[in-house]
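Visitor: Working from the sequences, and respecting the hints, build out all of it.
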Amino acid sequence: MSSRLPRASGYFRTSYAQDFALLQSRLERLSFLIFTLALAAFPLIASAFYLDLACQIFLAAIGALSLMLLTGFAGQISLGHAGLLAAGAFTVGILSKEWNAPFWVTVPVAALIGASLGIVFGLPSLRLRGLYLAVSTLALHFVVVYLGGEYETRRGYSTGIVIDPPQIAGVTIGGGRVWYYVLLTFAAAALLVCLNLLRSRSGRAWRALRARETVAEALGIHIAAYKLLAFVISSAMASVAGALFAYYRGFVSVEAFSLFLSIQYVAMIIVGGMGSLLGAIFGAVFVTLFPYLIEAALLRLPNAQAYAGDLFAVNYTAFGVVMIAFLLFEPAGLVGIWRHVQTYFLLWPFKYRPAEGARR
Amino acid sequence: MQLLVNIVVLAAIYALIACGYVLIYRVSRVLNLAHGELMMLGAYLLLATASSFAASPLLAVAAAVGLSLLVGILVYVVLIRRMTGEAVLAAVLTTVALGILLRGVMVLVWSAQQQYPGQALGIDNPALVLPGGARISVMAAMLVGATALTYGGLFWFLRFGRWGVRMRAVGQNPLLAAQRGINLHAIYALAWGLSTLTGSIAGMLIALDSGLTSSMPIVALKAFPAALVGGLDSLVGSLAGSFIIAATEVLSIQYIDPLLSDVVPFLVLIAMLMLRPWGLFGTREELDRV
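Same order as they appear, the protein sequences are chains S and Z.
Residue numbering for the first sequence follows this note's numbering, beginning at 1 and increasing consecutively.
Residue numbering for the second sequence follows this note's numbering, beginning at 1001 and increasing consecutively.
Simulated from the structure, these hints should not be mistaken for laboratory data.
It cannot be assumed that every hint is accurate.
As the list claims (entries may be wrong) - Computed Cβ-Cβ distance ranges for the label pairs, DEER-style:
hint : chain 1 : residue 1 : chain 2 : residue 2 : range
1    : Z       : N1183     : S       : R204      : 43 to 49 Å
2    : S       : A297      : Z       : A1090     : 25 to 31 Å
3    : S       : V341      : Z       : R1081     : 26 to 32 Å
4    : Z       : V1077     : S       : H340      : 26 to 32 Å
5    : Z       : N1183     : S       : G220      : 43 to 49 Å
Where is the CB? At the ideal position from N, CA and C, for every residue including glycine.
Guide: Right, here's the structure in full:
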């Protein structure tokens, strides 16, 4: 990841400690510090509405990161991400309703359930590729959602399960600010896990898998094991995201986990840019904010009240248009645009990078 | 007896939709996940033509069918053609995005309320009593007939039609087909047009039978397992697959749990993917091509 950052000068690392460091230059450390401070200070000035937006972004970011790990790096397509989120959310719902389980039990159990579902989702990948794999995950999504719905109707929660606010060490988590910091911590942890996984053996194996399976196998990579590992880790993370979502909303219902949610997550990694963690975060921000931007834009139009009822449909339409636009015109996503901008400034006043061979 | 009729009707619906998936996949290896929305668009087109040709229902249906052929060709020319040379998955995701877009547009234009094109055309839909005491609505019977006609027509077209033979050639080997002077883009556009046309016929008949609701794309999504179980590149297969899916669905609703109806097709799909991913009548090497 960090090696992809554009750098004007050469490769000056002289010790293993420097090589392992996540933040390699003084500029990176400084910008990281400023960014962290800004994130930490945000709740002090933001209104409840913006806090809610930020929390939604953090939740979406965890889900998008996990999908990016699976699709963007390991190259395994999943159209059933909403099913995994649903699994996490329902784990929380069922555990807290049936056994009154606390936060520190439900979230790890959700991760475990997610991991085992990951094996189920991943098993077809040992045999199927591309389209067929996408279809099998799609089918599993329906199965998981069906099971959730079945639980709801059997236990008489046909409108949904209400979940009490969680407690951590005796403190009840409630209110936008507390949630903001909790979700920020989880999102940061997810990012750190992904970063470290990707620069370790497993990350290199996944990239090889994505590039070409046969060659990866010839290099001695155990394909089945690493495919399943990708599914397990990604599903566990998605499931935790679903569990947090359930606690944050205080409510679980199958309606929240439609096929459209899966498509939204796929859209996040496309719009953000395949094969980049930064892209997953960009995508999560974009897709989460998008409906609000559309709403704001629509309200600016003259005669706004007339369209108020159509907001939902306009959202759908605009979302489809944006997704098509990115697929057609910027397959590298927002990260691609970001890199173009960076390269432009880095190379200024020149227009093109020197040819690959000439750089050494 | 009633159960058998239900199975046949549902199988006819699935088969009529599934052949749309098969046509496009067989020719261009693209899975059209917007098929449900295109099918719904066909039904709405009927609603639109119904108001201008209220006097003669047949003319309205013909106009809507013609329009839907045009829509399919347009989708290819405007959108899918640009994805030539990209990864197959990108094309599939484009169809997903197209589906979302169409859904939004349809709600904007026709609102999300349930509509009855049958009333607009002045067609009533009485129930027929078959020998054996089973009941079937006229539109459902027409659906079965339309499916039979469509499949008969498609088999004839692909076997003997000049363009049908070309379509098969393109499906087998696009490069060689292009070398023989077959216009690939025309063939792909034709496949999209035919697929949308058959899907729209299904959409119109379902709408005439039981009204036009926003849940129609789900029916198409459930028809997809039918196409895959039979083999994504085989029309015979999609007929067989439709019967299998419809029979399991109807029987499990009857004997196990009505809630299962949305999930049974997918359970069958998963089982099939585990056992024989290329489907009953599909070609085996398909799997490596994707």
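Visitor: A separate judgement is required for each hint: does it hold in the structure or not?
Guide: Consistency of the hints with the structure:
1. N1183/Z x R204/S: 43 to 49 Å: With a Cβ separation near 45 Å, N1183/Z and R204/S satisfy 43 to 49 Å, so the hint holds.
2. A297/S x A1090/Z: 25 to 31 Å: Holds, since A297/S and A1090/Z (Cβ atoms, about 28 Å apart) stay within the stated range.
3. V341/S x R1081/Z: 26 to 32 Å: The hinted range 26 to 32 Å holds for V341/S and R1081/Z, with Cβ atoms some 31 Å apart.
4. V1077/Z x H340/S: 26 to 32 Å: Given a distance of about 30 Å, which is inside 26 to 32 Å, the answer is holds.
5. N1183/Z x G220/S: 43 to 49 Å: 47 Å, holds
Checked against the numbered hints above, the structure violates none of them.
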